[in-house]
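2 protein chains.
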Amino acid sequence: MRGAVLYAPGDVRVEERPDPVIVEPTDAIIRLSATCVCGSDLWPYRGVEKLDGAAPMGHEYVGVVEEVGGQVTTIRPGQFVVGSFWASDNTCEICRAGYQSGCVHRVLMGSIGTQSELARIPLADGTLVATPGMPDADLVPSLLAASDVLGTGWFGAVAAAAGPGKTVVVVGDGAVGLCGILAAGQLGAERVIAMSRHAPRQELARRFGATDIVTERGDEGVARIKELTGGLGAHSVIEAVGTQESMTQAIRSTRPGGHVGFVGVSHDVALQGDELFFSLVHLHGGPAPVRQYLPELIGLICDRKIDPGQVFDLTLPLDQAAEGYRAMDERRAIKALLLP
Amino acid sequence: MRGAVLYAPGDVRVEERPDPVIVEPTDAIIRLSATCVCGSDLWPYRGVEKLDGAAPMGHEYVGVVEEVGGQVTTIRPGQFVVGSFWASDNTCEICRAGYQSGCVHRVLMGSIGTQSELARIPLADGTLVATPGMPDADLVPSLLAASDVLGTGWFGAVAAAAGPGKTVVVVGDGAVGLCGILAAGQLGAERVIAMSRHAPRQELARRFGATDIVTERGDEGVARIKELTGGLGAHSVIEAVGTQESMTQAIRSTRPGGHVGFVGVSHDVALQGDELFFSLVHLHGGPAPVRQYLPELIGLICDRKIDPGQVFDLTLPLDQAAEGYRAMDERRAIKALLLP
Chain A
1 MRGAVLYAPG DVRVEERPDP VIVEPTDAII RLSATCVCGS DLWPYRGVEK
51 LDGAAPMGHE YVGVVEEVGG QVTTIRPGQF VVGSFWASDN TCEICRAGYQ
101 SGCVHRVLMG SIGTQSELAR IPLADGTLVA TPGMPDADLV PSLLAASDVL
151 GTGWFGAVAA AAGPGKTVVV VGDGAVGLCG ILAAGQLGAE RVIAMSRHAP
201 RQELARRFGA TDIVTERGDE GVARIKELTG GLGAHSVIEA VGTQESMTQA
251 IRSTRPGGHV GFVGVSHDVA LQGDELFFSL VHLHGGPAPV RQYLPELIGL
301 ICDRKIDPGQ VFDLTLPLDQ AAEGYRAMDE RRAIKALLLP
Chain B
1 MRGAVLYAPG DVRVEERPDP VIVEPTDAII RLSATCVCGS DLWPYRGVEK
51 LDGAAPMGHE YVGVVEEVGG QVTTIRPGQF VVGSFWASDN TCEICRAGYQ
101 SGCVHRVLMG SIGTQSELAR IPLADGTLVA TPGMPDADLV PSLLAASDVL
151 GTGWFGAVAA AAGPGKTVVV VGDGAVGLCG ILAAGQLGAE RVIAMSRHAP
201 RQELARRFGA TDIVTERGDE GVARIKELTG GLGAHSVIEA VGTQESMTQA
251 IRSTRPGGHV GFVGVSHDVA LQGDELFFSL VHLHGGPAPV RQYLPELIGL
301 ICDRKIDPGQ VFDLTLPLDQ AAEGYRAMDE RRAIKALLLP
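Taken in sequence, the protein lines are chains A and B.
For the first sequence, counting from 1, position 150 maps to 150 in our numbering; every step adds exactly one.
For the second sequence, counting from 1, position 248 maps to 248 in our numbering; every step adds exactly one.
There's no promise every hint is true.
The list treats identical chains as interchangeable, and a pair is accepted whether it falls inside one copy or across any two copies.
To be verified - The calculated EDC-like cross-link candidates involving lysine to aspartate or glutamate, where the alpha carbons are at most 16 Å apart (straight line), are: (1) LYS50 - ASP274; (2) LYS226 - ASP274; (3) LYS226 - GLU93; (4) LYS305 - ASP136; (5) LYS50 - ASP268; (6) LYS226 - ASP212; (7) LYS50 - ASP11.
In short, the hints are calculated from the structure, not lab data.
Turn these sequences into a full structure, and let the hints steer you where they fit.
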């Protein structure tokens with residue numbers, strides 16, 4: 001099969017890789033209908049995360065089940081399925097508490113690589129959620145978004161305690177931040193403030209339900225949020241970048257007793273204990289337990305109540321994955337969808 | 001009046017200070033029935049927090065109202081009252097959300113000093129809670145504990161989401177940690193694990209409801225907690241120290257999706273973003289909104305359902321405050337009560 005491999009920073013190649021096979025009796029093999037490039041793929045692409053030799057890439061996926069292992073009982077060949085970037089058993093105590101990304105048997109899909117024609121999905125019964133029948137083709141991008149960026153933005157909004165009566169700020173206008181805006185609205189937030197200075201992203205933020213746009217950053221961004229919230233700060237802030245500046249901005253934009261949901265993969269961030277202490281905020285985040293939300297998100301998408309697939313503003317054949325990486329790296333595209 | 005003043009690290013003196021007077025029409029003057037030395041008073045006493053000249057000391061207090069300002073409407077002379085270490089209006093949006101320690105008009109009682117015969121209490125209507133009638137003398141230590149250490153331990157337990165079915169770990173065996181144990185039990189926790197290596201504190205931890213004692217610290221402490229929780233970590237961890245080691249131990253002892261309630265005043269702590277991210281814990285803490293819990297805590301104490309006054313294992317006349325500081329600094333006493 002064809003699949004994307006990162007050889008060195010900036011060097012993504014789509015090449016022949018061995019077809020995946022059932023390794024564990026709990027595995028499934030899927031044929032990908034669509035896959036994509038994630039903002040987090042840019043960390044190794046940019047050389048910020050060290051590479052340990054050539055690495056298969058990708059962890060977002062939707063597709064049709066081709067084959068299942070002998071112990072798979074609920075997933076069947078022919079089903080259209082969506083899964084998260086963590087494979088999880090969905091039965092352990094951590095999964096049952098809703099934290100499938102902390103499953104005691106979890107497998108990181110990025111270590112398998114789903115920017116490819118076929119992929120092995122471990123723990124198929126726990127990981128995969130089948131759609132009700134074969135979805136219309138125009139729903140595929142939104143279902144693919146559910147695999148990571150929508151589920152991650154949703155978790156950010158839940159972790160930030162977005163809900164009725166709340167003012168929610170979203171730091172970061174990438175696909176996850178944009179999906180956080182959508183999630184905050186779905187969860188009933190009264191006001192959703194997007195922090196963005198890019199016109200096309202501002203426009204999508206508005207379409208996803210942002211009521212206000214703030215273009216200032218850092219201390220000025222914090223001051224602007226304070227102005228907009230009677231000097232108190234927001235009830236809820238979703239952090240969807242992962243840098244020291246964005247985390248600091250998120251914490252300082254939150255009122256005492258408010259909630260920060262941080263879902264940007266943290267890079268070189270150190271939080272000062274005394275600042276966090278005196279801020280009185282709630283802080284929660286990490287790798288999103290997307291699996292928890294998949295049934296609900298698939299329902300909303302198939303009922304056409306949400307359309308998160310709009311985050312894909314570039315569609316390429318899988319063989320042109322390198323251009324997808326370049327476009328996202330240069331911020332020419334929000335998110336690149338790849339068709340195997 | 002007599003009052004304690006810290007002149008330099010290790011140099012606490014009780015001396016004549018001016019009698020407090022009504023400054024704002026929302027003030028009250030109380031005559032202290034009892035006051036005490038806080039673990040956090042030891043930071044400047046030990047020279048860890050810089051002193052900016054001689055400082056009046058103390059922020060915990062119970063006593064009888066002597067006089068009120070012209071705008072005080074609910075507090076009356078003659079009432080026995082308990083207040084928190086933050087004076088707060090209890091009417092602003094932050095207070096109404098339960099975060100009186102983040103009140104937009106808050107005043108730190110430590111800047112006034114309550115290790116004294118009399119004290120001015122700002123925002124008396126918002127700050128003070130009157131007991132139902134004059135309490136029996138033997139209840140005074142417990143009511144004094146409610147002013148800070150009990151309320152702070154309670155907030156730690158709430159922030160750690162202690163409750164039915166939960167295993168709660170308490171890091172720190174000072175008065176706050178011990179009160180956190182008591183609070184976790186009151187909130188219905190199934191199992192409460194105290195981390196302590198001091199026999200008298202272990203004994204009090206047991207009396208307050210600890211079901212297990214762990215004497216290991218650091219990585220060994222974390223390993224022991226994992227052993228006791230099926231490899232997963234605790235649901236809830238109360239951090240009541242404030243150092244890098246204790247925060248790290250608390251976070252690593254918590255399962256994915258679990259809660260850390262941190263109430264030890266943070267000193268020289270830096271949390272690594274990536275560790276926090278991948279831990280998937282909830283983190284919440286800071287200066288406790290004790291005022292929120294006072295009515296409930298006073299009720300439990302006056303009904304003799306809890307006896308947090310046991311944390312006072314040394315009682316001295318106010319004039320011997322210096323010995324109270326020394327005894328706590330040398331860990332000869334858990335907490336020193338001072339009688340004006």
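Intra- versus inter-subunit Cα pairing at 16 Å for LYS226 with ASP274: neither (21 Å within a copy, 28 Å between copies)
Given identical chains, is LYS226 near GLU93, meaning Cα to Cα at most 16 Å, within a copy, between copies, both, or neither? Answer is between; shortest inter-copy Cα gap is 14 Å, intra-copy 40 Å.
At most 16 Å between C-alpha atoms: does LYS305 with ASP136 qualify within a copy, between copies, both, or neither? within (15 Å within a copy, 63 Å between copies)
Within a copy, between copies, both or neither: where do LYS50 and ASP268 come within 16 Å Cα-Cα? within (13 Å within a copy, 30 Å between copies)
Between copies, within a copy, both or neither: which fits LYS50 and ASP11 at Cα up to 16 Å? within (14 Å within a copy, 53 Å between copies)
Between copies, within a copy, both or neither: which fits LYS226 and ASP212 at Cα up to 16 Å? Intra 13 Å, inter 45 Å, cutoff 16 Å: intra-copy only.
As a check of your reading, is LYS50 near ASP274 (CA-CA no more than 16 Å) within one copy, between copies, both or neither? between (32 Å within a copy, 15 Å between copies)
Of the hints listed earlier, the one the structure fails to meet is number 2.
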